[in-house]
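As a plain string of letters, each chain reads:
2 protein chains.
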Amino acid sequence: MQHRDKDQTDNSFNPTNVSRVKREHQRGAYDKETVFGILDAAPFCHVGYTIENRPYVTPTLHWREGERIYWHGSSASRMLRQVKTGVPVCVTASLFDGYVLARSAFHHSANYRAVMAFGTAHMIEDRDEKEQSLKVMMDQLWPGRWEELRPMYEQELKATTVVAMDIEEASAKTRSGPPVDDEEDYDLPIWAGVEPIVHGTGTLETDPRMLPGVPLPDYLK
Amino acid sequence: MQHRDKDQTDNSFNPTNVSRVKREHQRGAYDKETVFGILDAAPFCHVGYTIENRPYVTPTLHWREGERIYWHGSSASRMLRQVKTGVPVCVTASLFDGYVLARSAFHHSANYRAVMAFGTAHMIEDRDEKEQSLKVMMDQLWPGRWEELRPMYEQELKATTVVAMDIEEASAKTRSGPPVDDEEDYDLPIWAGVEPIVHGTGTLETDPRMLPGVPLPDYLK
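Chains A and B supply the protein sequences, listed in that same order.
Residues in the first sequence are numbered consecutively from 0, following numbering that gives the first Met the number 0.
Residues in the second sequence are numbered consecutively from 0, following numbering that gives the first Met the number 0.
For reference, chain A alone in the conformation it holds in the complex:
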C-alpha cells in the first residue's frame, strides 16, 4: 500500500498519521470502493466530537453522496449544535460479522468491517439544499417514498439540522475468515471456527392506526 501514501489517486484516500492503520496494518485499506462500501452497508454510524476536551460519541443514521457523509436531527440536539460549528469530527461506521474462536485465548478475534472517516462538519444552511439532502436520504432507503408523503412544512424544515462532512481522510479495517492459530495448536482437539452474527430485516410491523386498504409499497416488498 506504500504507493498510496505517495500518490493519492481518485480511487483512494491518502492516509496521514491520523487515519493510517497501525495495528494489524494488513487489515487496513484506503481505497474508496472499500471505504464507501462499508459506509453504505452500515445503517448507522457513531459520530465522535469534543466539547471542552471531553469526547462524546453519538449514534446516528447517516447517508453518503460522493465523498460527503450526511447526518441530521433536531436543531435542538447538543451533538448537532456542536458539530455544525466547524469542528473536527470522526465518523465511524462498523459492521460486526462474527466471533472468531481460536484454540488459544490470544488468537480469538472478531470478524468485522469498519471505517473511520475524518473531516470537519458543517451545517447545510441553504433551505433547498437541506430539503434536497433529506430527499436523497429517503430515496436511498425507500425509493419513491418521498413523493408519497405529506409534504414537509417550512417549520419542520427549519427544525431539522442537516450536517455534512467532506471526508478528508478515511481508513477501512476488516477481518474475515477462520481463526489463525499458532501452527502447533492445530493439533489440539478444541472446537474452532466462526460464530457469525447476521443482521437482517424482520417482519414489518404495520402501524395499528394505518388506514385500511393501504397497499404495501414496492420498496418494502
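Simulated from the structure, these hints should not be mistaken for lab results.
Keep in mind that a hint or two might mislead.
Since the list can't tell identical chains apart, any single copy or any two copies may satisfy a pair.
Claimed, not checked - Cut-off 20 Å, straight-line C-alpha distance, at most; resulting in silico cross-link-like pairs (EDC-like, lysine to aspartate or glutamate):
1. 134 / 180
2. 31 / 124
3. 134 / 146
4. 134 / 155
5. 157 / 181
6. 21 / 51
7. 220 / 96
8. 31 / 66
9. 31 / 128
10. 157 / 51
11. 220 / 138
12. 220 / 64
13. 31 / 180
14. 31 / 165
15. 220 / 194
16. 157 / 23
17. 157 / 180
18. 134 / 194
19. 134 / 182
Let chain A serve as the given structure and place chain B on it in line with the hints.
Quick look at chain B alone, frame taken from chain A:
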C-alpha cells in the same frame, strides 16, 4: 426524573450536563438496570477519545463487571496506548432496532437502544488481574471455554492490554414502538409502521483445519 438529579441512589447514575439527555429527554434513562442491560446486550461498543484535540472513535468488543466497562487489544494499539494514560473517554453502545416510517418525512425515526457512558480509562497493570479479566470476558461469552483452551503464554499476556473504565456517569436513550404522526396525518392513505432490524447468530462455520471428531461445545448449541 428530576429527583434523580438531586438524590443519586445505588440504583441510578446521577446525570450532570455531560450525560443528561437533552433532546427528546423523555427517551432518556439513568437507572442502572436500563444502562447495564443495554451495555450487556450490545456485543461491541464505540470508544471515543481525543488525541491533540482531534476526536477518534474506535469500535471494540467490551465486557462489564459491576460499574466497570472493560475492553482489550494489542499493546501496540494506538487507541489503547492513548486511553490507558488516564484520559476522559466516552463509551457508546448501541443497538439499532428498526426504521420507523411515518406519514410525513419529519416524523420518520429510528427504534434503538443506546448508552453513553463517561469515565476515565486506566490500564490493568497487575498480571493476575489482567488474566482474570480476560477469563471473565470469555466466561460471559462462552461459559467453560477458557478451561478448554491451550493456556495463555506469559508473552501473550504481556502483549495484551486490558483497559478498564469505571462509569462516572451514564445515560441510556431508547425509542420503540410505532410512528407518532401529527393527528391530522393519520387520515392519509400512506403506509406507516416499523421496519425492524434483527440481529442473530448465523450458522456456525467450523474451521476447515479443525481436528475430526471434536464435539460441538454446549455453549455453542
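Which of the numbered hints above does this structure break? 2, 9, 10, 12, 13 and 19
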